[in-house]
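Trainee: Listed below are the residues making up each chain.
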Amino acid sequence: MARTAVLGRLNWQLGAVAELVQETPRVASLVLDVPEWQGHLAGQHVDVRLTADDGYQTERSYSIASAPENPRLAITVERLDDGEVSPYLVGEVRKGDKIELRGPIGGYFVWRGGDDRPLLLVGGGSGVVPLMAMIRHRSASKSTTPTRLLYSSRSQDDIIYRAELDALCAVGDGLTVAHCLTRMQPPGWRGYARRIDRAMLEEVAWPKPQNPIIFVCGPTPMVESVAGHLVDMGFDATSIKTERFGPTGG
Amino acid sequence: MTVQQSDLKLDGNAIGGLLREIFTMEMTTAESTCAGCQKVHAVGQVEVYMNAPGVVVRCPACGQVQMRIVKGGGRYWLDLTGIRSLEFSA
Numbered sequence: 743m744a745r746t747a748v749l750g751r752l753n754w755q756l757g758a759v760a761e762l763v764q765e766t767p768r769v770a771s772l773v774l775d776v777p778e779w780q781g782h783l784a785g786q787h788v789d790v791r792l793t794a795d796d797g798y799q800t801e802r803s804y805s806i807a808s809a810p811e812n813p814r815l816a817i818t819v820e821r822l823d824d825g826e827v828s829p830y831l832v833g834e835v836r837k838g839d840k841i842e843l844r845g846p847i848g849g850y851f852v853w854r855g856g857d858d859r860p861l862l863l864v865g866g867g868s869g870v871v872p873l874m875a876m877i878r879h880r881s882a883s884k885s886t887t888p889t890r891l892l893y894s895s896r897s898q899d900d901i902i903y904r905a906e907l908d909a910l911c912a913v914g915d916g917l918t919v920a921h922c923l924t925r926m927q928p929p930g931w932r933g934y935a936r937r938i939d940r941a942m943l944e945e946v947a948w949p950k951p952q953n954p955i956i957f958v959c960g961p962t963p964m965v966e967s968v969a970g971h972l973v974d975m976g977f978d979a980t981s982i983k984t985e986r987f988g989p990t991g992g
Numbered sequence: 405m406t407v408q409q410s411d412l413k414l415d416g417n418a419i420g421g422l423l424r425e426i427f428t429m430e431m432t433t434a435e436s437t438c439a440g441c442q443k444v445h446a447v448g449q450v451e452v453y454m455n456a457p458g459v460v461v462r463c464p465a466c467g468q469v470q471m472r473i474v475k476g477g478g479r480y481w482l483d484l485t486g487i488r489s490l491e492f493s494a
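Chains as they are written, first to last, in my numbering: chain U, 743 to 992; chain G, 405 to 494.
Excised from the complex, chain U in its bound form (with noise of 0.2 Å):
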């Protein structure tokens, strides 16, 4: 709790792009020296602010992707080819570009590890980022918390971070991926390829007397469904969190 009751201001810092990784056609990873990053925990974000040669400055949220044991900052940002932010960070920005950025923030939607309750992890689209930073510290700190993710895209080629999931998977110490394709699927597509319902949540979720503790990201519409199932299928409310984004500008 110490940690992110932090007090005080939290001011704008820069970093350092030190490492851009193209994820999908449309999402890339930004990796960061952050000379004055003080920590985070898996789940919180940043807020990037952007200035405009004649001053005008905006600012957007994105999750942290990295895990906390990793000394560099990662965020990983989907290109809205309409917005004012990401197409910035999705295309032009470059190695050793500095980012102005604040964090990290928020408390509400976070895992720590360390205890023994089951983890289902619920994703759409970019959505998965802060779950990916969950999974990431899952691995970093040798936690073997069973873990399902069950991670909703559009197509195959739209997967964020699918070499590094199927990585962690074989590594067999209890993370197990569900994928499920919404849109269009490869010949001979073996996981879903329809919209997350409750059908399948009563597939891959933990049964109920195993309590897990439940973070659901991703657009509004799915958050609200997802977490409806999961109420109506008898889950502890408190113990499913939620977190949703939209287009508010990308």
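Note that these hints are calculated values from the structure, not bench results. Beta carbons are placed, not taken as given, at the ideal position from N, Cα and C, and that holds for glycine. Check the hints yourself; a few may be wrong.
[Stated by the list, open to error] Looking from chain G toward chain U, a few residues come up when the C-beta cut is under 8 Å (computed):
1. 412
2. 413
3. 414
4. 417
5. 421
6. 428
7. 430
8. 432
9. 435
10. 439
11. 440
12. 443
13. 445
14. 486
15. 491
[Unchecked claim] Covered stretches of chain U, going by a simulated chain G footprint (3 or more residues, C-beta under 8 Å):
16. 842 to 849
17. 974 to 987
[As the list claims (entries may be wrong)] Here are some, though not all, of the chain U residues that point toward chain G, as calculated from beta-carbon distances under 7 Å:
18. 751
19. 789
20. 962
Since the structure of chain U is provided, determine the placement of chain G on it from the hints.
Mentor: This is chain G only, laid out in the frame that chain U set:
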């Protein structure tokens, strides 16, 4: 493209940075009691609309407007009429 009001709805996580500016505290874990229905929610759970000139926060249970926050010209304007109390760690 038709934008539905429901698509514009976010949650209290989205204003964690703004609330931190105002309260200088992590506020998404704060608990707010609705002045309308008296239900208690974590600030991370409340409904947030950011497409207006300011931020409008509504109770996820009854829809009551809990907070309105406008920032501009170097000032904040904060209306908390819809919140009966806010409880957070010191």
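Trainee: Confirm or reject each hint.
Mentor: For each hint, the structure was consulted:
With a least beta-carbon distance of about 6 Å to chain U, the hint placing residue 412 of chain G at the interface is held under the 8 Å criterion. The closest approach between the C-beta of residue 413 of chain G and any C-beta of chain U is roughly 5 Å, which is under the 8 Å cut-off, so the hint is satisfied. Taking 8 Å as the C-beta cut-off, the interface hint given for residue 414 of chain G holds, the closest approach to chain U being about 5 Å. The criterion of a C-beta within 8 Å of any C-beta in chain U is met by residue 417 of chain G, whose closest approach is roughly 5 Å, and the hint holds.
Against a cut-off of 8 Å between C-beta atoms, the interface hint on residue 421 of chain G holds, since the closest Cβ of chain U lies about 4 Å away. For residue 428 of chain G, the shortest C-beta to C-beta distance to chain U is roughly 6 Å, which falls under 8 Å, so the interface hint holds. The criterion of a C-beta within 8 Å of any C-beta in chain U is met by residue 430 of chain G, whose closest approach is roughly 4 Å, and the hint holds. Because the closest C-beta pair between residue 432 of chain G and chain U is about 4 Å apart, less than 8 Å, the hint holds.
Checking residue 435 of chain G against chain U: minimum C-beta separation of about 10 Å lies over 8 Å; hint violated. The closest approach between the C-beta of residue 439 of chain G and any C-beta of chain U is roughly 21 Å, which is over the 8 Å cut-off, so the hint fails. Interface hint status for residue 440 of chain G: violated, as the beta-carbon distance to the closest one in chain U is roughly 20 Å, over 8 Å. The criterion of a C-beta within 8 Å of any C-beta in chain U is not met by residue 443 of chain G, whose closest approach is roughly 12 Å, and the hint is violated.
Among the interface hints, the one on residue 445 of chain G is violated; its C-beta lies about 10 Å from the nearest C-beta in chain U, farther than the 8 Å criterion. Here the hint on residue 486 of chain G is broken, as its CB sits about 20 Å from the closest CB of chain U, past 8 Å. The beta carbon of residue 491 of chain G is not positioned within 8 Å of any beta carbon in chain U (closest approach about 13 Å), and the interface hint is therefore violated. Note: the region 842 to 849 of chain U has 5 residues with beta-carbon separation from chain G under 8 Å; the three-residue rule is met and the coverage holds.
Under the rule that three or more residues need a Cβ within less than 8 Å of chain G, the assignment of the region 974 to 987 of chain U holds, with 5 such residues. With a cut of 7 Å, the hint placing residue 751 of chain U at the interface with chain G holds, because the nearest CB-to-CB distance is about 6 Å. Because the beta carbon of residue 789 of chain U sits about 4 Å from the nearest beta carbon in chain G, less than 7 Å, this interface hint is met. Interface restraint check: residue 962 of chain U against chain G, minimum CB-CB distance 5 Å, threshold 7 Å, status holds.
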